[in-house]
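Chains as they are written, first to last, in the working numbering: chain A, 52 to 145; chain B, 52 to 145; chain C, 52 to 145; chain D, 52 to 145; chain E, 52 to 145; chain F, 52 to 145; chain G, 52 to 145.
Do not take every clue at face value.
If you only want the chain D side, here are some residues facing chain E, beta carbon under 7 Å, derived [what the hints assert, rightly or not]:
1. K53
2. L54
3. V55
4. L57
5. K60
6. G97
7. G112
8. V125
9. I134
10. N138
Covered, in the sense of this in silico footprint (three residues per stretch, anywhere, with C-beta under 8 Å from a C-beta of chain G), are these stretches of chain F [said to hold, decoys possible]:
11. 99 to 111
12. 123 to 129
13. 137 to 144
By construction, these hints were calculated from the structure, which means they are not laboratory data. What you are looking at is a predicted structure, and each value in this text was computed from that prediction instead of being measured. Virtual Cβ for every residue (Gly too), placed ideally from N, Cα, C.
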Amino acid sequence: MKLVPLGDKIVLKQLEAEETTKSGIVLPGQAKEKPQEAEVIAVGPGGIIDGKEVKMQVKEGDKVIYSKYAGTEVELEGEEYIIVKQNDILAIVE
Amino acid sequence: MKLVPLGDKIVLKQLEAEETTKSGIVLPGQAKEKPQEAEVIAVGPGGIIDGKEVKMQVKEGDKVIYSKYAGTEVELEGEEYIIVKQNDILAIVE
Amino acid sequence: MKLVPLGDKIVLKQLEAEETTKSGIVLPGQAKEKPQEAEVIAVGPGGIIDGKEVKMQVKEGDKVIYSKYAGTEVELEGEEYIIVKQNDILAIVE
Amino acid sequence: MKLVPLGDKIVLKQLEAEETTKSGIVLPGQAKEKPQEAEVIAVGPGGIIDGKEVKMQVKEGDKVIYSKYAGTEVELEGEEYIIVKQNDILAIVE
Amino acid sequence: MKLVPLGDKIVLKQLEAEETTKSGIVLPGQAKEKPQEAEVIAVGPGGIIDGKEVKMQVKEGDKVIYSKYAGTEVELEGEEYIIVKQNDILAIVE
Amino acid sequence: MKLVPLGDKIVLKQLEAEETTKSGIVLPGQAKEKPQEAEVIAVGPGGIIDGKEVKMQVKEGDKVIYSKYAGTEVELEGEEYIIVKQNDILAIVE
Amino acid sequence: MKLVPLGDKIVLKQLEAEETTKSGIVLPGQAKEKPQEAEVIAVGPGGIIDGKEVKMQVKEGDKVIYSKYAGTEVELEGEEYIIVKQNDILAIVE
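All chains should be modelled from the sequences, with the hints used to inform the complete structure.
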C-alpha cells in the first residue's frame, strides 16, 4: 500500500529529530511557516497543472527543505507523511 | 438515481471508520483541513474548466486521500457523499 | 414575465421540502455553504465570460445540486428563484 | 446633461417601490448583496476591459435584476442612478 | 509646473462644492467609496499596463464621475488634484 | 557604492521638506498611503516582470509623485532611499 | 553539504551586524517588512515558474537588499541562511 501523488504533489517523510540534528538543520521558531527537512518518498507526474506546464525537479530520495505552511499530514500503516506541492519545496540539501 | 458531477468535480464516498482503521490511515487533528480517505464514486468529464484544460486523473473505484476543506457533503437516498474538485485530491492509495 | 439569465448564469427553482424528502437529499447543517437540490428554470447563453469560453452543461428541467454560497434569491410574481453561476452547480441528479 | 458610462459600465435607474410591487419582485432581506430590479438607462461601449473582450448584452430600456453589492449611486439633476459593471447584472426580466 | 501621469493614470481636479451643486450631483453618504464629479486635467498615455493594452477613453476637460476609493490626493502650487486609474472612472457627464 | 535596482524597481530619494515646500507639494494626511515627491536616483532595466513586458517610463533625475504604500526604505552611507516598483509612481512633475 | 534552491529561489546569508555598519546600511524600524543586506550564496536555475519564464538576475557573491517579508530562515551546519524568491530582491549593492 502506497501513496501515489497527483499532479505537482509530492509525498514527503519528515526526517527524525535525531537525523535532523545530525544534518545540522535547526529550525528557528516561526509560528506561521515552519521550514523543515524531509525525504522525498513519491513525486507526482507533473504536467499541465492549473493550465500551466509543471516539470518535476525533485526525485525520490532527495533530502529537501520545505515550507510546511500548506502541507497536509497523513498517516499510512503507522508511518506519517506530508503531501506538499512542488512549489512548497524551497531547496534540495546535497 | 445518481449524482453526475460537472466539469472537474468528483463524487466521493468516505470510507467507514472501520475500513479507515484497517487501511491504516490516521488523521491528525487539524481543524481547518482534514485529509481523509474516500472511494471515487463518479468523475466529471473534465474539459475546459475556468478557461484551462483539465484532464481527469482518477477513476471510479480509486481510493484517494482528499483535502476536505472545500468539499460539499450531500446525502442521496440515505447514503452520504462528498463532492470535491479534482484539485482537492492529494494522492491515490494503491 | 420571465427571467432571462446573462452569460454563465442560471435560474434555479428550489425543490419543495416535501419533494426534497422524497428524492432522499438530506442537507447536513453547514452555515457557510448549504448544498441544495433545485430544478433548472433557465440557462444563460454561455460564451466568453471574463475572457474565457464557457459552455453551458445543464439544461432546463435538470435536477441539480448547487452550492448556495454565491447565489442570489429573487421573487418574481410570487415565485422564488435563485440565480447562480454554472460554476456553483456541483452535480446533476439523474 | 447625461451620464455616458465607460467600458463595461452600465447606468441603471432603480424602479420605484410601487412599480417593483407591480412587477412582483420581492427582495428577501440580505444585508450584503441586495438584488434589485432596475431599468437600463445607458450602456458602455464594451470592448477590451482589463485585457478581455467584453460584449454588452443589455440595451437601453431593459428591465434587469442586478446585484447591488459593487454598484455606485449618483444623483444627477435630482434623479438617482446606479452605475454597475455588466457582470453585476444577473438577468433580464422579459 | 504640471503633473504628467504615467500609464493608465489620470489627474483630476474635483469640482468645487458650488459647481457640484449647480450640476446637480448629490453624493449619498457612503463611507468606503464616495463617487464624485471632477474635471480631467491630464491623461496618461495608456499602452501596455500590467501586460494588457489599455486605451485611454477620457480626454482633458471631460467632466467625469469617479470612484474615489483608490485615488491619491496631491496638492501642487496650492491646487489640489486627485490621481486615479482610468478604471476608477465610472462615467463621463455630457 | 550604489544601489542597482532589479526588474521594474526604482530607487528614489525623497525631496527634503524645504524643497518640498518650494515645489508646492502639500501632502494631506492619509494614514495608509502617503503620496510624496521624490527624485529618481536609479531605474531597473524593466523587461519581463512576472511574465509581462514592462518598459521603464521614468529616468534618472525625474521628479515624481509616488505612492509610498508598498515602498521599502533603506539607508546607504548615511543617505536614505526608497525602493518602489514603477507601478507605484503616479506622475512625473514637470 | 549545501542548499540547492529550486526554481526562482535564492539562498542568502545575512551580512553580520558589523559588516552592515561598515557598508553604511541602516534599517529603519518597520515591523512588517524589514529590508536587509545579504550575500547571495546560491541561485536557483530559473526557468518556467508558475507558467512564466523567469531569468535569474543575481549571481553568487552579489550583495543585495532584500525584503525579508516572505523569506524563510534555515540553519545548516551552524550557519543561518535565508531562502527568498528573486522577486523579493530589491537591488544589488555595487
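Hint by hint, which ones does the structure fall short of? Hints 6, 7, 10, 13 not satisfied by this model.
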